[in-house]
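Just so you know, the sequences run in chain order A and B. For what it's worth, numbering that gives the first Met the number 0 labels the leading residue of the first sequence as 0, then goes sequentially. For what it's worth, numbering that gives the first Met the number 0 labels the leading residue of the second sequence as 0, then goes sequentially.
No wet-lab data here; the hints were simulated from the structure.
So, partial list: chain A residues that the calculated Cβ filter (under 10 Å) puts toward chain B:
{"#": "1", "residue": "Arg56"}
{"#": "2", "residue": "Leu58"}
{"#": "3", "residue": "Ala59"}
{"#": "4", "residue": "Val70"}
{"#": "5", "residue": "Val143"}
{"#": "6", "residue": "Leu158"}
{"#": "7", "residue": "Met160"}
{"#": "8", "residue": "Leu161"}
{"#": "9", "residue": "Pro166"}
{"#": "10", "residue": "Ala292"}
{"#": "11", "residue": "Val293"}
{"#": "12", "residue": "Ala299"}
{"#": "13", "residue": "Ile311"}
Under the rule of at most 25 Å between Cα atoms (straight-line distance), these lysine to any residue pairs were calculated in the SDA-like manner:
{"#": "14", "chain 1": "B", "residue 1": "Lys223", "chain 2": "B", "residue 2": "Leu57"}
{"#": "15", "chain 1": "B", "residue 1": "Lys223", "chain 2": "B", "residue 2": "Gly136"}
{"#": "16", "chain 1": "B", "residue 1": "Lys223", "chain 2": "A", "residue 2": "Leu89"}
{"#": "17", "chain 1": "B", "residue 1": "Lys223", "chain 2": "A", "residue 2": "Arg301"}
{"#": "18", "chain 1": "B", "residue 1": "Lys223", "chain 2": "B", "residue 2": "Gly59"}
{"#": "19", "chain 1": "B", "residue 1": "Lys223", "chain 2": "A", "residue 2": "Gly167"}
{"#": "20", "chain 1": "B", "residue 1": "Lys223", "chain 2": "B", "residue 2": "Val213"}
{"#": "21", "chain 1": "B", "residue 1": "Lys223", "chain 2": "A", "residue 2": "Leu278"}
{"#": "22", "chain 1": "B", "residue 1": "Lys223", "chain 2": "B", "residue 2": "Asp242"}
{"#": "23", "chain 1": "B", "residue 1": "Lys223", "chain 2": "B", "residue 2": "Thr139"}
{"#": "24", "chain 1": "B", "residue 1": "Lys223", "chain 2": "B", "residue 2": "Arg54"}
{"#": "25", "chain 1": "B", "residue 1": "Lys223", "chain 2": "B", "residue 2": "Val114"}
{"#": "26", "chain 1": "B", "residue 1": "Lys223", "chain 2": "A", "residue 2": "Val300"}
{"#": "27", "chain 1": "B", "residue 1": "Lys223", "chain 2": "B", "residue 2": "Ile255"}
{"#": "28", "chain 1": "B", "residue 1": "Lys223", "chain 2": "B", "residue 2": "Ala63"}
No residue lacks a Cβ here, since even glycine has one placed at the ideal position from N, Cα and C.
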Amino acid sequence: MGRATSDAEAGSDPGAGSGADAGTGGTAGAGGAGVGAHAPPPAPAPPGDAAGLGRPRALAFVTPALVLILVFLVFPALWTIYLGVTDYRLTGIAAVEPRVVGLDNYGRAVGDERFHTSLWLTLQFVLGSAVIGQAGLGFAIAWVTRGRGRTLRGLVEGLVMLAWILPGSVVAFLWIALLDRDGGTLNALLDTPGAAWLLDHPMLSVIVFNVWRGTAFSMMLYSAALQSVPPSHLETARLAGASTWQQLRDVVFPHIRGHALTNLLLISLWTFNDFTPFLLTAGGPEGRSEVLAVYILNVAVRGGELGYGAAISFLILLINLIVALFYLRMLRERRTAAPAEPVAGGGR
Amino acid sequence: MKRARLAANTIAILAAVVTIFPIYWMVLSALKPAGEITSLSVRPWTLSPTLEHFRRVLTGENFARYFLNSLGVALTVVVLSALVAFLAAVAVTRFRFRFRTTVLIMFLIAQMVPVEALTIPLFFLVRDLGTAVPAVGLNTLGSLVLVHLAFTLPFAIWMMRGFVAAVPDALEEAAMLDGATRPVILWRIIFPLVAPGLVATSVFSFITAWNDFVFARTFIISAKDNQTLPAALLVFFKPDENDWGGIMAASTLMTIPVLIFFLVVQRRLVAGLAGAVKD
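Can you make the complete structure from the sequences, with help from the hints?
Have a look at this one:
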């Protein structure tokens with residue numbers, strides 16, 4: 000990861016500090032400014048200081064953010080790792096005097112049938128709703144609406160985004176009302192009274208729900224990305240008799256690969272950690288829609304097993320890291336494979 | 000070609016309709032008289048719209064109070080998050096310091112931490128913090144502001160980074176030569192240029208803070224007056240019979256601020272997102 004990230008930085012840095020020190024004569028701590036700009040990128044580069052901030056000022060700028068993140072994100076995360084090796088519980092003796100039990104919690108997770116099911120369901124959830132559903136559908140909508148009239152695009156964009164910005168609790172209510180067994184709207188529309196969608200097809204309901212909810216983000220990103228594909232390239236391909244699929248594969252995808260990967264990374268992580276399904280099915284019936292995020296909530300808060308819940312949380316974090324590494328690697332491969340390729344940068 | 004165009008438009012409109020349907024249903028149910036909602040013959044319209052549910056929601060259960068609480072928390076988070084993220088983004092893009100890569104990676108990893116995993120330690124942390132600084136302890140809105148702020152920052156900084164990097168150095172140089180001071184450069188030159196990015200990040204901050212359910216439920220235990228909307232919605236859920244009219248009216252009201260905020264910035268949001276992931 001370290002390498003991938005520093006590569007990414009190197010990409011955005013060459014320009015930084017290019018002679019901006021022209022007027023920074025008296026800046027304290029700006030020693031060596033400008034040198035970094037002309038030296039080759041490999042880290043650790045000598046300090047560059049484009050804006051003439053000065054080291055103390057730069058530190059002062061980054062400190063508030065750092066302190067907040069350290070106190071409210073990093074510290075609790077470390078605490079979670081500690082809790083993961085204890086038998087801490089919400090109530091009872093273990094609540095007062097938690098014992099360190101080493102890796103017992105992890106051992107238990109490995110042998111826990113419920114955890115395996117949950118892992119498998121999470122995989123279905125991420126692949127089904129994020130990778131296939133949101134990204135696929137999002138791209139499809141972005142592709143068919145590209146170059147359409149402003150009104151139509153604005154309308155579709157606005158409506159689809161609406162689903163994305165609504166409060167989670169509100170959309171959960173909406174979907175419960177929609178899928179309800181008695182008097183649910185869907186049953187009335189399909190004329191299937193008494194069909195208990197959330198009970199009979201819990202995972203499908205949750206996946207469709209998440210596709211409905213999150214497609215907007217992918218669609219927006221892909222719309223922006225598609226604007227970066229030069230129309231002349233598509234035109235040429237079309238004149239050469241390329242089918243739509245060939246156009247997509249040979250012209251469009253190479254152009255938007257960076258966007259596509261970033262999008263997949265973000266929506267995978269979001270979906271992985273999303274526990275809105277809890278509001279819909281609470282993981283039931285019988286754990287048939289208990290994705291990992293819901294599993295943690297059920298184990299830690301409802302079951303009171305804070306230690307075990309924390310251990311599972313840490314496992315989730317590790318899985319997230321692996322997913323992120325995988326994507327970063329693919330991003331880097333793009334850079335090394337095709338350095339001359341124009342960077343997919345949307346924008347208007 | 001014509002057929003393809005027709006098909007494309009149809010797909011687009013179909014997607015829009017499918018998306019809007021539950022939301023339409025929400026507003027419709029909020030306006031239907033109580034008897035009509037539960038009747039089995041579902042009609043996609045109502046002949047006698049009523050504001051009865053809205054009236055009940057607005058007058059009872061302290062709704063207005065919760066609404067203002069939520070709004071206050073969300074707006075404070077938006078302003079602080081934009082400010083802090085902007086400064087941090089300037090520092091990490093315009094200055095190379097020793098642990099810069101470490102800091103950047105930390106921001107990235109911080110986004111992957113599952114929220115539910117942190118709820119428990121955060122509860123204890125906020126409780127202990129409250130004994131030192133009562134304004135941010137349990138049952139206070141301050142605690143919500145702080146925690147949301149911390150959770151929105153990593154994403155905001157990552158987004159802002161791209162925008163700050165896109166501001167050409169030549170611009171700053173020119174300003175320097177014209178005798179502009181550093182604060183002037185920061186606030187009058189860089190700040191306006193990255194405004195689209197700030198707009199996009201504010202939407203995220205606002206939505207995160209406004210929609211939050213978990214932290215509100217965890218931190219605000221006994222102080223009923225300091226509850227926020229998502230938690231307050233629960234009062235309409237009854238074990239036997241849910242008050243759907245009330246739920247839908249309250250949901251509609253809760254949606255309005257997000258909608259306004261979103262409509263104001265929609266145009267800029269797309270451009271902002273495109274810029275943020277631009278590499």
